[in-house]
Amino acid sequence: MDAAIFNVIIGNADAHGKNFSRLYASSGLRLVPPYDLPCTSFYSEVHASLAMRMGGVNRLEEFTPESLPGFAAQVELGEPYVCLRAQALAKLAGPAIVRAADGFAANGFGTETIRAIGRHVVDRRRRLLDVIAATTRV
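Letter by letter, the sequence shown follows residues 1 to 138 of our numbering.
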């Protein structure tokens, strides 16, 4: 669930099952950290359809207050819990996104493009917080 919410925050429509892997270690089986996390929504020429439907929607832009209950049902968790978790992740993501974008830019990685992607993701984060606020008022 956290990975799906994070993909909504960063605007990654390309999240699919092959982006989730397991690591067999001596301590046991565990999920590897998330990887292949592009901000596809920043690039208008990239297809915006979700690789895997989320709460009954097929596009990032369709993720609205009406789709959040469907997502909670899809992941078989209570809607209040999903809203609280999404809100917590979105709040954590804001400062982290700005720090990451500034860090990449400071190291010479496409300064203006990286900062523009950072601003885009911060805006997406704000929109998700708006969706959560509207959902909890419904």
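Just so you know, not all the hints are guaranteed correct.
What the hints assert, rightly or not - With a straight-line Cα cutoff of 20 angstroms, these simulated EDC-like cross-link-like pairs (lysine to aspartate or glutamate) come out: (1) LYS91 / GLU79; (2) LYS91 / GLU76; (3) LYS18 / ASP2; (4) LYS91 / ASP130; (5) LYS91 / GLU45; (6) LYS91 / GLU112; (7) LYS91 / ASP2.
Said to hold, decoys possible - Computed beta-carbon distance windows for the label pairs: (8) ARG22 / ARG53: 21 to 31 angstroms; (9) SER27 / GLU61: 15 to 25 angstroms; (10) GLU45 / TYR81: 20 to 30 angstroms; (11) PHE109 / GLU66: 16 to 26 angstroms.
By construction, these hints were calculated from the structure, which means they are not laboratory data.
For every residue, glycine included, the Cβ atom is placed at its ideal position computed from N, Cα and C.
Query raised in the report: Taken at face value, is the distance from the CA of ASP2 to the CA of LYS18 at most 20 angstroms?
Result: holds (16 angstroms)
Query raised in the report: Keeping to a limit of 20 angstroms between CA atoms, is the pair of LYS91 and ASP130 held or broken?
Result: Cα-Cα ~12 angstroms, so holds.
Requested in this report: Starting from LYS91, check that the Cα of GLU112 is at most 20 angstroms away, please.
Outcome: violated (24 angstroms)
Query - Satisfaction of hint between GLU79 and LYS91, Cα-Cα up to 20 angstroms - result: OK: LYS91 and GLU79 at ~18 angstroms, within 20 angstroms.
Query - Given hint GLU76 paired with LYS91 - CA-CA distance at most 20 angstroms - result: violated (23 angstroms)
Query raised in the report: Can the suggested window of 20 to 30 angstroms be confirmed for the beta-carbon pair GLU45 and TYR81?
Result: About 37 angstroms separates the Cβ atoms of GLU45 and TYR81, which means 20 to 30 angstroms is violated.
Query - Verdict for PHE109, GLU66 (Cβ pair) under range 16 to 26 angstroms - result: At roughly 38 angstroms between Cβ atoms, GLU66 and PHE109 fall outside 16 to 26 angstroms, so the hint is violated.
**Report entry** Satisfaction of hint between GLU45 and LYS91, Cα-Cα up to 20 angstroms
**Finding:** violated (29 angstroms)
Query - Restraint check for LYS91 with ASP2, where alpha carbons must lie at most 20 angstroms apart - result: holds (13 angstroms)
Query raised in the report: Given a hinted range of 15 to 25 angstroms, is it respected by the beta-carbon distance of SER27 and GLU61?
Result: violated (41 angstroms)
Report task. For ARG22 and ARG53, compare the CB-CB distance with the range 21 to 31 angstroms and indicate the outcome. Result -> Since ARG22 and ARG53 have Cβ atoms about 23 angstroms apart, the given range 21 to 31 angstroms holds.
Taken one by one, the earlier hints fail for this structure at numbers 2, 5, 6, 9, 10 and 11, listed in ascending order.
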